[in-house]
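Heads up: the sequence shown begins at 1 in the numbering used here, then just goes up one per residue.
Hints in this document: simulated from the structure, not taken from any laboratory. Glycine included, C-beta positions come from ideal geometry on N, C-alpha and C. Certain hints may be false.
Said to hold, decoys possible - Quick list of the computed label-pair ranges, beta carbon to beta carbon:
| # | residue 1 | residue 2 | range |
| --- | --- | --- | --- |
| 1 | 137 | 240 | 13 to 21 Å |
| 2 | 43 | 228 | 17 to 25 Å |
| 3 | 230 | 171 | 18 to 26 Å |
| 4 | 66 | 137 | 43 to 51 Å |
| 5 | 264 | 102 | 57 to 65 Å |
| 6 | 258 | 116 | 47 to 55 Å |
| 7 | 213 | 140 | 49 to 57 Å |
| 8 | 171 | 132 | 19 to 27 Å |
| 9 | 20 | 248 | 21 to 29 Å |
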Amino acid sequence: MTRREEEHGRGGPREEPLTPDDTPAPSHAERARTLAAMRTVGALATISLDPPGFPYGSHVTFAMDGPDPVFLVSRLAVHTKHLDADPRASLLVVEPTDDNPLATGRVTLVGECRRLDDDASAREAFLAAHPDAAYYAKFADFGFFRLRVDAVRYIGGFGRMSWVGIDAWRAASPDPLAPHVAGIVAHMNDDHADALVAYARAFTRATGAEEVTMTGIDRYGIELSVRTEGGPRPARVAFEAPIATPAEARATLVALVKAARERLAR
Numbered sequence: 001m002t003r004r005e006e007e008h009g010r011g012g013p014r015e016e017p018l019t020p021d022d023t024p025a026p027s028h029a030e031r032a033r034t035l036a037a038m039r040t041v042g043a044l045a046t047i048s049l050d051p052p053g054f055p056y057g058s059h060v061t062f063a064m065d066g067p068d069p070v071f072l073v074s075r076l077a078v079h080t081k082h083l084d085a086d087p088r089a090s091l092l093v094v095e096p097t098d099d100n101p102l103a104t105g106r107v108t109l110v111g112e113c114r115r116l117d118d119d120a121s122a123r124e125a126f127l128a129a130h131p132d133a134a135y136y137a138k139f140a141d142f143g144f145f146r147l148r149v150d151a152v153r154y155i156g157g158f159g160r161m162s163w164v165g166i167d168a169w170r171a172a173s174p175d176p177l178a179p180h181v182a183g184i185v186a187h188m189n190d191d192h193a194d195a196l197v198a199y200a201r202a203f204t205r206a207t208g209a210e211e212v213t214m215t216g217i218d219r220y221g222i223e224l225s226v227r228t229e230g231g232p233r234p235a236r237v238a239f240e241a242p243i244a245t246p247a248e249a250r251a252t253l254v255a256l257v258k259a260a261r262e263r264l265a266r
């Protein structure tokens, strides 16, 4: 996906972007898979039996087993009885935040959620995410369920939203840097503010940038917030090739600042 596609859905005129429209960025499928993979709790909606036919929401733990969430639930739970009667369900997964909750990511996974008789993959995935569950996973009144995802709605904040194609959802993979983003961003903002300014000046249209912060990093590039006269504006700088580890991120960011300073010195 490119930066232009990320702007889809933002109505009205907009200023010339700080980043070229063809800058590579994660697709919505990749962003949604990453969000789901990074969370272990969500809101499960099932079809109520009493009163019949109404949506019923439950706070549940889950784990992703490939593209599908799996659950370990008790037969005594109301949502379990709902699923045994009607497997139609959805799972809402939300990115945690201390800021405006409507400006953060969330994904809704829709499909049929059915009981599993014996699924080693589901068990392994769930217990890896919830090791304490091993104590009651062996109880007869607990069982594993899998929600076979048939539709995906992704919202990444204001103006970033779409129905993700199911083939794209299943083909995508979570971003390998996701578990390390907070540490990398904090390190760059705390210790390398000069490098961030160089990135913005050399690789975006913010050639006079004075104050820049990093807001994110993924396998394809970095996200910046550039302070301008009109307020903070987003910008993106792409890597020459995708990366997958913190060590690769460190080496790539060092090479990127070197290239930025060489460009600015011309």
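Status of the hints after comparison with the structure:
Distance hint check: the CB atoms of residue 137 and residue 240 are about 45 Å apart, inconsistent with the given range 13 to 21 Å. The supplied range of 17 to 25 Å is broken by residue 43 and residue 228, whose beta-carbon atoms lie about 38 Å from each other. Look at residue 230 against residue 171: about 39 Å separates their beta carbons, and that is not inside 18 to 26 Å. Distance hint check: the CB atoms of residue 66 and residue 137 are about 20 Å apart, inconsistent with the given range 43 to 51 Å.
For the hinted restraint 57 to 65 Å between residue 264 and residue 102, the CB-CB distance of approximately 38 Å leaves it violated. For residue 258 and residue 116, the Cβ-Cβ distance of about 52 Å falls inside the hinted range of 47 to 55 Å, so the restraint holds. In this structure the supplied range 49 to 57 Å holds for residue 213 paired with residue 140, their Cβ-Cβ distance being about 53 Å. A hinted range of 19 to 27 Å for the beta carbons of residue 171 and residue 132 is inconsistent with their spacing of about 33 Å.
Checked against the hint of 21 to 29 Å, the C-beta distance between residue 20 and residue 248 comes to roughly 24 Å, which is consistent with it.
When the structure is compared with the earlier hints, violations turn up for hints 1, 2, 3, 4, 5, 8 and for no others.
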